[in-house]
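Protein sequence lines, in the order shown, are assigned to chains A and B.
Here this note's numbering is used: the first residue of the first sequence is 1, the next is one more, and so on.
Here this note's numbering is used: the first residue of the second sequence is 1, the next is one more, and so on.
It should be emphasised that the hints constitute simulated quantities derived from the structure, not laboratory data.
All clues stand as given, with none of them false.
Each computed BS3-like pair below joins lysine-lysine, with the alpha-carbon atoms no more than 27 Å apart:
id, chain 1, residue 1, chain 2, residue 2
1, A, Lys193, B, Lys48
2, A, Lys122, A, Lys181
3, B, Lys17, A, Lys194
4, B, Lys40, B, Lys17
5, A, Lys220, A, Lys150
6, A, Lys187, B, Lys61
7, B, Lys61, A, Lys192
8, B, Lys17, A, Lys196
9, B, Lys60, B, Lys100
10, B, Lys48, B, Lys61
11, B, Lys40, A, Lys192
12, B, Lys61, A, Lys181
13, B, Lys48, B, Lys17
14, B, Lys48, B, Lys62
15, B, Lys40, A, Lys187
16, B, Lys114, A, Lys122
17, A, Lys122, A, Lys187
18, B, Lys40, B, Lys14
19, A, Lys194, B, Lys62
20, A, Lys181, A, Lys150
21, B, Lys48, A, Lys196
22, B, Lys60, A, Lys193
23, A, Lys192, B, Lys48
24, B, Lys60, B, Lys48
25, B, Lys100, B, Lys114
26, B, Lys48, A, Lys194
27, B, Lys114, A, Lys220
28, B, Lys62, B, Lys100
29, A, Lys220, A, Lys122
30, B, Lys61, B, Lys100
31, A, Lys187, B, Lys60
32, A, Lys220, A, Lys92
33, B, Lys100, A, Lys181
34, A, Lys193, B, Lys17
35, B, Lys61, A, Lys194
36, A, Lys150, A, Lys122
For reference, the chains in residue letters:
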Amino acid sequence: MIHICMMSLPRRLATSLLGHVRSHITSATCGTSSAGRSASVLSRCRALSLVPGVSSCPSLVASLRTSAAQFRSASYQDVQPDYEVVAETENKITADVVSQVNRSIADRSTGRLFAVVHINGKQFKVTDGDLVVVQGQWPPSLGQQLRLEKVLLVGSADFTLLGRPVLDRGMAAVEATVIEKSLSHTKTIFRKKKRKNYRRINFCRMPLTTLRINSVRLEKTVDQS
Amino acid sequence: MVFLTSPAWIRAAKPDKFWRRRRTFRLSAHYFGRARNCYKTAIIRVEKALSYALVGRQQKKKDMVQLWEQRLEAGCAEHGTSLPVLRQGLMRCNVLLNRKTLADLAIWEPRTFKVRGSQLAME
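Turn these sequences into a full structure, and let the hints steer you where they fit.
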């Protein structure tokens, strides 16, 4: 049983490190911003998917390998691994990943971004050039340029920024234009109770607004603390 | 002779039932057999159709939710977790993505979904 545990440790080390890194990043950025509105960075950088692939930081790789070696050699009688060492390496990974993300944001080299946006009670996953139909009463008038501010998530090919529950206001810029304000097709509301002489018929047309998403961009870099 | 009360016995004519029945026949134009052309059969089938339409509109929303949940279960199983675990983790992290969005991400943005699944399994 002990042997099985030890053999599977390296992979578990990687995944637990990943988990710790993510939780560290999330908890790190949690305390900084205003109540309830902090961003957590989850990096899907290829660096993180395989621990030795943190190519930009050879010393980091070395330190990870040594800690992995420590794990591998530990038996149940040994003391628990040194959490300070583990935390330090995690901090380095975090910092490295966050800086990579920030660099790509600053350079505008993120590529096409998608965002999950909350409009009028519903959530939509949008990118540049999308059409979104919003159902129900919605104030914006025809031709208005909007900036959608309730952004829950922004992602690119290489990373995602998750809001908790929403990203900071200045962080993501989702520009949209109202291109159509119309009514839906006529829906027939027919109610019948059989043998009770009850028959009612009503018609309903719900207002619709069509939006064109002009652009999804990241304005600010990720706060690191 | 002049009959003065006989005009008082004339009642207003009822509207021609052709037009009322035509409203029904317009809805039953594509039905099979007598339901297409005979009013007594057509009205029964048309009323059923309208009732089914109302119920169907309500049922559609439930069906969509079930579909999203099924897709999320599959996505979670791919990554070794389950939907209750994912939902718990999301609640704890105060991430308010709904099932529709999560299902969309699971299909079209698998990398995002994978990261979230594994992170929240930890938490």
